[in-house]
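Assemble chain B onto chain A, guided by the hints.
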Amino acid sequence: MIDNILKSIDNIPAFPATVQKVSALLNTDDYSAVEVANVIKYDQAITANILRMSNSAYFGAHEKIYTIIDAVTFLGQQNLIRAVQTAGVSKFYRKAAKGYVAKASDLWEHSVAVALMSQILSKRVCCRENPVLYTAALMHDVGKVILGEFVHESFQKIMELVSDQGYSFLEAEEKIIGVDHGKLGGKIAAHWNFPKEIEDAIAYHHRPDLLKDSESDVPWLVYLSDESCLMMGLDGGVDGLAHRWVGEGLTRFNLRSKDLEQSFILLAEDLKRAKEMIAIV
Amino acid sequence: MSEIVVGISDIKWSNNKDDVLVTYALGSCIAVVVYDPKACVGGLLHFMLPDSSLDIYKARENPGMFADTGIPLLFKACYGLGAEKKRMIVKVAGGASILDDTSFFRIGQKNMTAMRKIFWKNNVMVDAEDTGSNYNRTVRLDMNSGKVYVKTSGGENKVL
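First to last, the protein sequences are chains A and B. Sequential numbering from 1 applies to the first sequence in the working numbering. Sequential numbering from 282 applies to the second sequence in the working numbering.
Mixed in with the good hints, there may be bad ones.
Some but not every residue of chain B turned toward chain A, in silico, with C-beta under 8 Å [to be verified]:
| id | residue |
| --- | --- |
| 1 | I289 |
| 2 | L307 |
| 3 | L335 |
| 4 | I379 |
| 5 | F386 |
| 6 | K439 |
| 7 | V440 |
Below, computed lysine to any residue pairings styled on SDA-like, alpha-carbon distance capped at 20 Å [claimed, not checked]:
| id | chain 1 | residue 1 | chain 2 | residue 2 |
| --- | --- | --- | --- | --- |
| 8 | A | K272 | B | K339 |
| 9 | B | K391 | A | S257 |
| 10 | A | K272 | B | D336 |
| 11 | A | K196 | A | A14 |
| 12 | A | K103 | B | T419 |
| 13 | A | K258 | B | K339 |
| 14 | A | K272 | B | R341 |
| 15 | B | K428 | B | E410 |
| 16 | A | K103 | B | N438 |
| 17 | A | K275 | B | G288 |
| 18 | B | K391 | A | W245 |
| 19 | B | K339 | A | D270 |
| 20 | B | K391 | A | L250 |
In short, the hints are calculated from the structure, not lab data. Where a beta carbon is used, it is the ideal one built from N, C-alpha and C, also for glycine.
With the rest of the complex left out, here is chain A (with noise of 0.2 Å):
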């Protein structure tokens, strides 16, 4: 079985180059809107996505946006960099998790959900906004994109482990299938050639305390961001809140309850005003 399931990560479309060339572009202290917007314009997809977005209430324009290159101009350089991800990897999400979820919409609504979450603890602990882990958290659950189906055949024997034997979702996946949707995840996010800070972080996403070679915080916070999700009943499908709680997540960042609690106000808020970027899939 393992050996179909690695197989298949062959199978997965690239990841879109526009996407990392904007990355890369924004990266740089003197880029144009114009150099930008002539990236964009020939990915069809992602510039109907962008504007569709930018005429959100989340980034709230009083002016119906038209071009691309207004677009760009409107949204300045971290939302478009988050505008651009968001728009560009929302066709993984396409096909449906079946196993975990019921519509493929779920488990991007969740996704969207953690990476906006990702960005509010982010602004709380280190006071800016932070696009690597935007993308960290945006694609931490693309491994159940393709461990779905596998879940769906072997759920009852999964299901077992989970509630008789105290096993975590995880583990159980590990123990039945022989891969973890995060590892899994990792695994892809190695085929797409991301960087090491961001594959760590989706195959670690529920066990950053194994993460032993790494200074990074972008696990941590991924981990922070999905589990408060959970909490919320933003769920990423069928394993629910089944997963292990890592204490250390939240002394790291000296977070009180008090402030994981706003938060959940801040994402309530936010997720209101989402609802485009929600739509895309």
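Just chain B, lined up with the frame of chain A:
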């Protein structure tokens, strides 16, 4: 039959036999369901956090967000449609937790404690509950029969 969806931090109430009140995916949040069979009045609250002192402005704008502002409003809204406290059946579901979460941040536990305190102070008895554990729940109130259904993620739909 029309399905009325109750979102996160939301309250809905009804006296229409054809309605079904439903709230999806509770996580650590809690659904409080009340029903007066004689008046055929029922309501459903989906609260997210225990205590409104966290953000009193938010609580004023959106009382259903917190246990201490949402629960009183749920009861009052139903009284407004003719429900009486002594006849009201109260059922609760949700308050799930992450596995082995023993931290100070156990929001499911805190939600349950806050809710129980409010019920205790106001002499409200809970008739049935499905709380805790580590799965998501979807809750429905059928206004016609007063029956409450709880569906767990990947599981069956059961009468509470």
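Against chain A, is B/L335 within 8 Å by beta-carbon distance?
holds, 6 Å
20 Å Cα cutoff - pair A/K275, B/G288:
holds, 14 Å
Check whether the Cα positions of A/K272 and B/K339 lie no farther apart than 20 Å.
Satisfied, since the Cα-Cα distance of roughly 15 Å is no more than 20 Å.
Just to be careful, I want the Cα atoms of A/K258 and B/K339 compared with a cutoff of 20 Å; is the pair within it?
holds, 14 Å
What's the verdict on B/K391 and A/S257, does the C-alpha distance respect the 20 Å limit or exceed it?
holds, 11 Å
Do the alpha carbons of B/K339 and A/D270 lie within 20 Å of each other, as the hint requires?
Holds, at about 14 Å.
Hint check: B/K391 vs A/W245, CA-CA at most 20 Å. Holds or violated?
holds, 16 Å
Does B/I379 meet its interface restraint, that is, does its C-beta lie within less than 8 Å of any C-beta in chain A?
holds, 4 Å
Have a go at the B/K439 hint: is there a Cβ in chain A nearer than 8 Å to its own Cβ?
Status violated, d = 15 Å.
Tell me if the straight-line CA distance from B/K391 to A/L250 falls inside 20 Å.
holds, 17 Å
Per the CB criterion, is B/V440 less than 8 Å away from chain A?
violated, 21 Å
Is A/K272 close enough to B/R341, meaning Cα to Cα at most 20 Å?
Judged against 20 Å, a Cα distance of about 18 Å means the pair holds.
In summary, the numbered hints that this structure violates are 6 and 7.
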